[in-house]
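Asker: Each chain, written out:
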Amino acid sequence: MTAPMPTETTAAMPAIEPLPPLTDDHQLQRRGPVGHVVKIVLLFVFVIFFLLPVILLLLTSFKSLAEADPSRAWQLPKHWTLDAWREAWSQLHGALGNSFKLVIPATIISTVLGSLNGYVLSRWRFPGADLVFTMFLFGMFIPYQAVMIPLGLLFKDVGVDPGLGRLIIAHIVYGIPMTTLIFRNYYATTIPNELIEAARMDGAGMMHTYASVILPASAPAFVVTAIWQFTSIWNDFLFAVFLVTNPDSWPVTVALNNTAGSQVTPFPVQMAGALIASIPTLVVYILLGRYFMRGLMAGALKG
Amino acid sequence: MAEIILDKISKRFSNGFYGVKELSLTIADGEFIVLVGPSGCGKTTALRMVAGLETISSGDVLVDGKRVNDVLEKDRDMAMVFQNYALYPHMTVAQNIGFNLKLNGVPRDEMKRRVRQTAEMLGLESLMDRRPKQLSGGQRQRVAMGRAIIRDPRAFLMDEPLSNLDAKLRVQMRSDISELQKRLGTTTLYVTHDQIEAMTMGDRVAVLKAGELQQVGTPHEIYDQPANLFVAGFVGSPPMNLVEGRLVTGDGGAVGVAIGPITIPLSAHQVAQQSLSSRSDGELIVGIRPEDLIQAPSSPPGPDEARHRAVVNRVEAVGASLLVYFALDVTAVHRESLADTGHVADERLVVVANGTTICATFPPRSMVRPGDEVEVSVLGERLHLFDPVTELNLA
Amino acid sequence: MNRLRRWGPAFLMVLPSIILIGVFVYGLIYWNVRTSLQQQPMPRGPSGTTNYSKLWAERRWVRDLKNLGVFTVVFIVGSLVMGAVMALLLDKGVKGEGFFRSIYLFPMAVSFIAAGIVWRWLLNPSSGLNLIFDKLGLDSLKSQWWQSKSPWGMAAMAMPAMWQMSGYIMALYLAGFRGVPEELREAARMDGAKERQVYRHVVFPELRPVTLSALVILGHISIKVFDLVLAVSGKQGKTETPAVYMWDLIFQASNRPKGATVATLLLVGVAVLVIPYLIYTVRSERKS
Ligand SMILES: Nc1ncnc2c1ncn2[C@@H]1O[C@H](COP(=O)(O)OP(=O)(O)O)[C@@H](O)[C@H]1O
Ligand SMILES: [Mg+2]
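Chains as they are written, first to last, in our numbering: chain A, 1 to 303; chain B, 1 to 395; chain C, 1 to 288.
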């Protein structure tokens, strides 16, 4: 069912023209033309696998409700129409606004906290800093279900409105482990200890060192972390569905899951909605994909 | 400027390992002291304790008589030059040099003036707007120096600042730094593993081994009167010949030292020494620096001179002299303390089938070739004698 | 005193985060466990571990676990294999590598909900993939997907998850491959290794930590899988996972203690996986 992957082709890796992004690779190697073709074919098989859902989304989103029949899924629309897009927009634009109102402050605050934490935990390690970091890390992996029930109760007890405020707080708090991890790894690998010590010898205290040595070198990590937080908060469904009971405050994922029609399931509207809801993260991804990739690495390598 | 006293400072790491053990050292105001020793002996640790970057487990660091153990590094007013320079990558040369002044709120105009003045001193004027990445190793080294100099601190602390430079530049910078330090008169603690650097730069040299101080003295003292076997083996290039020997006693006590087939008469001064004559078993370790083992002159041997004929194994022309190697039928010294000195590792001194390889120094144009028979000469007063058990110098 | 002056500011800087994590992670976990020890309806007082024993006696819970097991195995193995193959294909450099990488990775930027909407059609027996297989004459590949009677029906659910995550695994492996120093590969070639042996004996062994990270990441995503299932199949017994069950307990049955019980067990599942990993990671980091 998944893409075919015969093992002999993976083993007989042919050497292809080395390209600029790779470091110069001067090996002399036999170029198996057959191997090369197999490789390219395989690469495109994967491309098709990843694009099929997108094609289906696009096709269906331009169909009318009557035409949107699962058994004719792959046929081009006979009558191209924007009705589904219009309907999806009218149902989702409020939720899109909510998502932005949620994502922007939560991303900024959790990223800033992550930078400060990451700095201290990598380069100003007080006794017990490793323990603190491990406790943070575990917080990254917990299933949020394990805190969801009391979280709702806590918000109710403290009197936080059952709206976006709750979500913003939750995403900031539960984002701290990830943002801290990215910054900590970034600082630990790119800022030599000697540099911090030089600043200390120059008379800089902790905050001065941060402002004058760390911060100017932090731009890539800020981008990576902000993208990561932006996409994961934007795409979150679990917190939103548990914490936001008022439909007016739903972010776009919840609203999308509740797109309604009068009688039948409005497939084209749903599919257009799925595209609309994905546009912001896709734009970020397309524009800043390189950083996105780095953010992914930071999440796993050298944890 | 300041006088710095290390009073029995120790560093015990969290794993229980002692990086530095009861190190005591007084660095006079304006003095240039070099802390030297093999890699891993605790030099960096000691320096960082003085800097305030490492806590002091026990003992005190005193600056001008004031205990500074609990003073934060930024308040100690010492400047440090790091091995990898640790230049701030996003700042220009000028900004790097001026960073400390900026932190201390020095007015812009004065800062600019002082940065320019410092840059001129170091020949960096034309590079002021470059970033560290755009500099060569030697230029970076200068910027790191500039960052220290501009502050006019109470002390310079330098951790192997030349080790990342190529050989030629290193020699050049050695004298540049010495000269600069003399001119500024700033108290300096300089760390290196390179004994030549230590001997050429320091007013005094402190030799460290496994966290413990072995000897402090002027380069001369260290070279001519090494306190123990370790210092003897560590200092000098090519290293001192070290062999097992025996005291030869006459009527009044010790009269000479026998190493293998050679007996070397001792001077009256040496014979008079209590420490020598009181030795009963007569076992010794004998050290002869290669430059004290020379081509025998045509004149007859003097009263405390010994001569020996040997067949040359190998010859090395090192420019100013010719190193001549031959085998001597005598036991080489194997002591654990020599393991770190480079003495044992020196492949020129390996034990050969018919004894130990010995190195002598001949005039540069003496035309000696392997296989030739030569006669070497050594004076008794040039011998370094060590107790084989305590390894201390018997002089 | 000196310690306080040296480390005080640093500690103060992370203190807010420590408090937040302390309260919102560890405090709430404690609260959740306590809730799971209550009786339903809530004010009736403590019930000890009866919620747990009752849950384990339920056929629904056991079925959910089985579903989760099938999903987890297929999802993890599938993503690892796919990711590794894609990384291998890209490792030596291909024209347009950036293009392929972007295509393979973009599903990461899409929410499970949005992805689920389209996968609902792709996995519809009378639509999506089956139609394509029909056209291509690959009838043997046609399937009832998650609606099939076989206990492996749940495996179909793993496909959208693989679609989303295998690009990530590819990225991890690719970074891992590229991180193996070229000298190491050259040394192996000089020792007479063929390209496949270079990978087998030099590259792959270097990637064990990457595989471990990937396993843990996929594993913990799998255990909490929720929105994807909901979006693809809706609430269906056949595809229910513990996380979906918990959601149902809270919103449909309003049974908080039981929901908390399920949540606690999810946490235990993740902890068993993650804590050894964290210890291992922090240790090996300290060593270097
Ligand atoms: N944080 C530490 N924990 C344990 N041992 C250490 C630590 N830092 C250094 N050491 C050990 O202390 C010894 C001295 O180190 P160092 O001062 O860096 O030596 P060097 O003379 O080469 O500068 C070395 O053996 C080193 O391994
Ligand atoms: Mg050192």
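Do not take every clue at face value.
Here are the simulated EDC-like pairs of lysine to aspartate or glutamate, each with C-alpha atoms no more than 20 Å apart in a straight line [to be verified]: (1) B/K102 x B/D64; (2) B/K133 x A/D69; (3) B/K168 x B/D129; (4) C/K135 x A/D69; (5) B/K209 x B/D194; (6) B/K74 x A/E194; (7) B/K102 x B/E54; (8) B/K182 x B/E212; (9) B/K66 x B/E3.
Okay, the calculated bits of chain A under chain B, using three or more residues with CB under 8 Å as the criterion [claimed, not checked]: (10) 189 to 195; (11) 213 to 222.
No wet-lab data here; the hints were simulated from the structure.
We put the beta carbon where it would ideally sit given N, CA and C, even for glycine.
Asker: With a cut-off of 8 Å between beta carbons, are at least three residues of the region 189 to 195 of chain A near chain B?
Answerer: Per the Cβ count (3), the hint holds.
Asker: Need the status of pair B/K133, A/D69: alpha-carbon distance at most 20 Å?
Answerer: Answer violated: B/K133 to A/D69 is near 62 Å, above 20 Å.
Asker: Against the 20 Å threshold, does the CA-CA distance of B/K182 and B/E212 hold or violate the hint?
Answerer: 28 Å, violated
Asker: Holds or violated: B/K66 and B/E3, Cα atoms, limit 20 Å.
Answerer: Holds. B/K66 to B/E3 sits at ~10 Å (cutoff 20 Å).
Asker: Taking 20 Å as the top limit, are the C-alpha atoms of B/K168 and B/D129 close enough?
Answerer: Violated, at roughly 27 Å.
Asker: With a C-beta cutoff of 8 Å, work out whether three or more residues of the region 213 to 222 of chain A approach chain B closely enough for the coverage to hold.
Answerer: holds (count 3)
Asker: Compare the distance between the alpha carbons of B/K102 and B/E54 with 20 Å, and conclude whether the hinted pair is satisfied.
Answerer: 25 Å, violated
Asker: Straight-line Cα separation of B/K74 and A/E194 no greater than 20 Å?
Answerer: 15 Å, holds
Asker: Quickly compare the C-alpha distance for C/K135 and A/D69 to 20 Å and report which way the hint goes.
Answerer: Roughly 17 Å separates the two Cα atoms, so the pair holds.
Asker: Within a Cα-Cα threshold of 20 Å, do B/K102 and B/D64 meet the stated pairing?
Answerer: Between B/K102 and B/D64 the Cα gap is close to 26 Å, so the pair fails against 20 Å, i.e. violated.
Asker: Starting from B/K209, check that the Cα of B/D194 is at most 20 Å away, please.
Answerer: Satisfied, since the Cα-Cα distance of roughly 14 Å is no more than 20 Å.
Taken one by one, the earlier hints fail for this structure at numbers 1, 2, 3, 7 and 8, listed in ascending order.
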